[in-house]
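Since the structure of chain A is already known, use the hints to place chain B on it.
Take a look at the letters that make up each chain.
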Amino acid sequence: MKDTLGLTKPIITLENVEKYYGDYHALRGISAEIGQGEFFSLLGPSGCGKTTLLRTIAGFEALSSGRLTIDGRDMRGVPANRRPTNMVFQSYAIFPHLSVAENVGFGLRRSGLGKEEKARKVGEALEMVGLGGYGGRAAHALSGGQRQRVALARALILKPKVLLLDEPLSALDKKLREQMQMELRRLQRQVGITFLLVTHDQEEALIMSDRIAVMFDGQIAQLDSPQVLYRRPVSRRVGEFIGVMNFLPASARVADADRIEVEAAGLGHAVIGPEQVPGGFHAGQAASVGIRPETMSILFPGETTGQRVATGIVEDLAYYGDMTYYDVRLDGVEKPMTISMKNLVGRPVLERGAEARVAWDERSLVLFA
Amino acid sequence: MRSLRVYAILYLAFLYAPIALLPLFAFNDGTVIAFPLKGFTLEWFHELLTIPALHASVMNSLMIAVSAAIVATLLGICAARAGTRYAFPGKKGILGLVMLPLVLPEIIVAVALLVVLLQLGFSLGAWTVVLGHVLICTPFSIAILNSAFQSLDRSLEEAAIDLGETRWSSFRLVTLPLVMPGIISSLLIAFTISLDEFIIAFFLTGTEPTLPVYLWSQLRFPQKLPVIMALGTLLVLASILLLTVAEYFRRRGAARTGQSETGAFL
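Just so you know, the sequences run in chain order A and B.
As numbered in our numbering, residues 719 to 1087 make up the first sequence, in order.
As numbered in our numbering, residues 62 to 327 make up the second sequence, in order.
What the hints contain is simulated information worked out from the structure, not anything from laboratory work.
It cannot be assumed that every hint is accurate.
[Stated by the list, open to error] From chain A, some residues computed to sit far from chain B (all C-beta separations above 10 Å):
id, residue
1, 743
2, 825
3, 1036
4, 1061
[As the list claims (entries may be wrong)] Derived, one-sided and incomplete: chain A residues facing chain B with beta-carbon distance under 10 Å:
id, residue
5, 804
6, 824
7, 828
8, 986
9, 987
10, 1041
11, 1042
12, 1056
13, 1058
Even for Gly, the Cβ is constructed at its ideal location relative to N, Cα and C.
Excised from the complex, chain B in its bound form:
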């Protein structure tokens, strides 16, 4: 028992120590990332405000993440509804293929996409990154939305139709409100994945880098490291916040449709 406990603690330390170092050095008054720590400073956060290229990359990343989240969630809604409501030939195979990008190495996906896009004569830009991100976000969206749609009694929509509503209005009045927590949770998770994603963005971005790509390009300058630490601290905080909100909505949805807390995604 004792050794198991030690193992668990070591494991968690291994997972989170590097992340814990981020804020430590972000507030450290020294350009060298090394112990012992010097004084406390907010200088690096200040400096973040003064780099136009950084701001451009943040804006770029936000636009890409929002677009990818919306498209992936829309596709996820369609796939989850089709998968939970209709029987069609090859259903399992198709759903399996849709989920495959979850386990494919991202670099393979990135290189393949790059080759195809260039062969087709498209020029790279923000939209190509959106395309790649939709590809990797959609399986997550489907997984989340599947559980939202699966928990729905299919009689609910029929009951609304029976009471005089059309197919579309019964979807809007009954299904949509009930899967809304799933939709919000899918939007947030897809947004977070897209915002953090590096490899696909690195390959498919044109002249306007996303935030992770910009960060990577700055690693060549050691004196910029504390600034990156500060930026990293903000990103970690934002990610944790978003995922917490996403999980909150998922659980609220589960409680509302009366199912027990099982199969948590996070």
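Just chain A, with the same shape it has in the complex:
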């Protein structure tokens, strides 16, 4: 059931949701639709309101004003235990006095199912998260990764309309986290349930999500697919928060409906299209352009290119093995910009102080007001 925008039918709608804690304005007019079967992430720095929004949807916090519907039903006055959502908590909240099977089957207590039916469901849920045969173990004896799988199985056994995940991977070490990211994604496709993930890790959000809402100060700053979010951030703040972005002071002039002329420090004159101004622009505003490190390259001596070329000096570099990150100061620009280069065979790693010719492309510029 895809509509013309390519979005599926919304399972969660938020209309002008506000939340106050006393004088503190935690959520400021949140409006969004989350599609059926979507992997949706709320991404933002700590204190941006993403966890509050998640807890509001779960029913642990009441709205101050606005409207929340899940699966078409208004959730006003519906307590957490009667909402079609289940949650994976940041601490996993595994019941330490129960066995793994008792934990996973906890939500079936009120289901009216027979003992055998319950045991079968618990077994299936454990299989699904790769913990088949662990049912008899004591919950407090599990490792971090196993606890997370138990929490997932426990939340999914009730077949919720929406699975809420509150920073579920933040307690795991890097390797396990990366493994779980792929597994979560696969699990979501397999069960087809809408996943709503809260995270402060932009990489995690990019890897896992269909769409991401970037939140700052209790508001959604941008809601888009990972690719659009990365390539066309609506503001410098979003551009800075997602990955690395270089900013150069610029002046801009609207030439006609399809062309905007930009004069950027260090890069010079460029002509860009309106899609490269996702945040909108009005003549006369102070402007800057953003450009991602990997969209530029440093030409090695004698190399030629059809792209635009700017010149500068290598101020510093960080060698990562597969990549080298250069801090290059372009002629006429105070602040050095980051350029990432793959260490291909035959490409020399430049030294500090070396002259650098930087190839860049007009299409990779983003103009900010």
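Same frame as chain A, but now just chain B:
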């Protein structure tokens, strides 16, 4: 180093020698509490069985101790849950005041209670002693239960609610089993404190004395001393047993919620 070791040994001897004397004379075949010891006898323990007033005071003490332990623990559960889960104005001040009886001189508490109760026109009896004992036991209960509640992840109850349980059933199914060791430990410690307590019981007891008050009244009769020694021996044994059981439950609770062994109460 050597002098420190001597000091430690002397200190322990000073603490425990008087208690060690109890069983010594309880089994001594002589009415005078003095060395040298005479023969071995169980006569004094036998005699314990023949004093109705003593039995009445034991029953009285047990009833008071059980009541005080239950009430103090119930109050402790409420206070510990409120203190660890909710923020409210004046929280620190209120909790401080609740804990104050720990350090107040008991005689002050006893006299104050006596004056108030009599002014209000109540007559003294077992229930007034329970009241006083609840007052001094509650801070201990709160201290024990606070550590039990504090070690709980507050997401646990939310997780149970999220999985379909009500507030009350999630408390019953998740919180209660996890703090149960703390509750048992609180019951036992409050029971022990109430059973041993003398000053408040002395002031607030009516015509039916508690065991410590009865013991004190018997000290006037020197020939009864060996019997009291025998009774004392039993009481010490019972106290050590109860506190050991209480500490066992507290540690088991700590292990079950996965916290390391810190802040031991005993």
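Inset, instruction - Go through the numbered hints given earlier and state which of them the structure violates, listing their numbers in rising order. - result: 2, 8, 9, 10, 11, 12, 13
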